[in-house]
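**Q** Please build the complete structure, drawing on both the sequences and the hints.
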Amino acid sequence: MDTLPTQLPLPERARAELERLILSGELAPGSRLNEVALAARLGLSRGPLREALRGLERDGLVTAGPAGQGMSVRRLEPEEMAELYDMRALLQGFILARLAERRAAGTLAPAVLERLQAQVAAMEADAGAGDAAAYYARNLDFHDALHEAAGHRRAATLYGSLLKESHLARQRSLSRPERMRESNAEHAAMLAAVAEGDPARARALGEAHVAGGGKRRWLESLGQG
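Going letter by letter, the sequence shown gives residues 1 to 225 in the UniProt record's numbering.
Rather than coming from a laboratory, the hints here were simulated on the basis of the structure.
All clues stand as given, with none of them false.
So the derived label-pair ranges between C-beta atoms look like this:
id, residue 1, residue 2, range
1, Pro9, Leu158, 18 to 26 Å
2, Glu57, Ala82, 19 to 27 Å
3, Gly70, Glu182, 38 to 46 Å
4, Gln69, Ala40, 15 to 23 Å
5, Gly106, Glu79, 41 to 49 Å
6, Gln69, Ala122, 38 to 46 Å
7, Gly70, Ala188, 42 to 50 Å
8, Arg181, Gly65, 37 to 45 Å
9, Arg181, Arg115, 20 to 28 Å
10, Thr63, Gln117, 38 to 46 Å
11, Glu51, Ala133, 30 to 38 Å
12, Ala64, Glu220, 29 to 37 Å
For each residue, glycine too, the CB sits at the ideal point set by N, CA and C.
**A** Structure, rendered in C-alpha cells:
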C-alpha cells in the first residue's frame with residue numbers, strides 16, 4: 001500500500017499521490033484506472049478517490065471514458081502536444097523578458113542570478129554523467145526557480161498546468177546526453193541575456209528554448225526505440 005502525505009485533506013492527499021504515480025510513469029498513458037484497486041492501494045474509500053480523479057481530470061491528466069467505463073490516464077495526441085509546446089513557449093519568453101527587465105532595473109538580486117547559474121552548472125554535470133533522471137529533476141527545479149524569480153504568479157500557474165500535461169513526453173525527449181547538453185546550453189544563453197538586462201533577446205531565447213529546441217527534441221524522441 002502506498003503511503004499518503006498527512007498534511008492535506010484526504011481528497012487532496014489522494015490527488016497528490018495519484019499525480020505522482022502518473023507523472024512518474026507508474027500509471028502509464030492510456031491505462032484504465034480501476035477505482036477499487038486504487039482505493040485499496042491508497043488505503044481510502046472511493047469517495048475521496050473519485051473527488052481526486054475529478055481534480056486530475058480538470059488538470060488534464062486523466063480523462064473520462066464512455067458512460068460506465070470509468071477513467072484512464074490521458075494519452076496526448078501529437079497535435080495536442082505540439083500545441084502545449086507553442087503555449088509554453090509564449091510563457092517562457094514572457095518570464096525571461098520579465099527577468100531581464102528586473103535585472104536592468106536593478107530589482108533582480110545578484111544572488112538570485114548566481115543561484116540560477118549554479119543550477120545550470122549542476123545540470124551540465126548531470127548531462128556529462130549521462131544521468132537523465134537527475135538532469136530532468138534539476139531541470140524542473142530550474143524552471144520553477146525562473147518563475148519564482150520573475151514573481152508572476154499567474155504565469156507560473158499557467159505554465160505549471162501546461163507542464164503537467166506534457167511531463168512524460170518531455171522526460172523522454174531529455175533522455176540522451178546530447179539532448180541534455182543542448183538543452184542546457186540554451187539555459188545558459190537565456191541567463192546570459194538576463195544578466196545583460198536585454199529583455200528582447202531574453203524573450204527570443206526563452207521562446208526558442210521551448211518552441212524551437214524543446215519541440216524539436218520531442219519530435220526526435222518520437223522515433224526512439
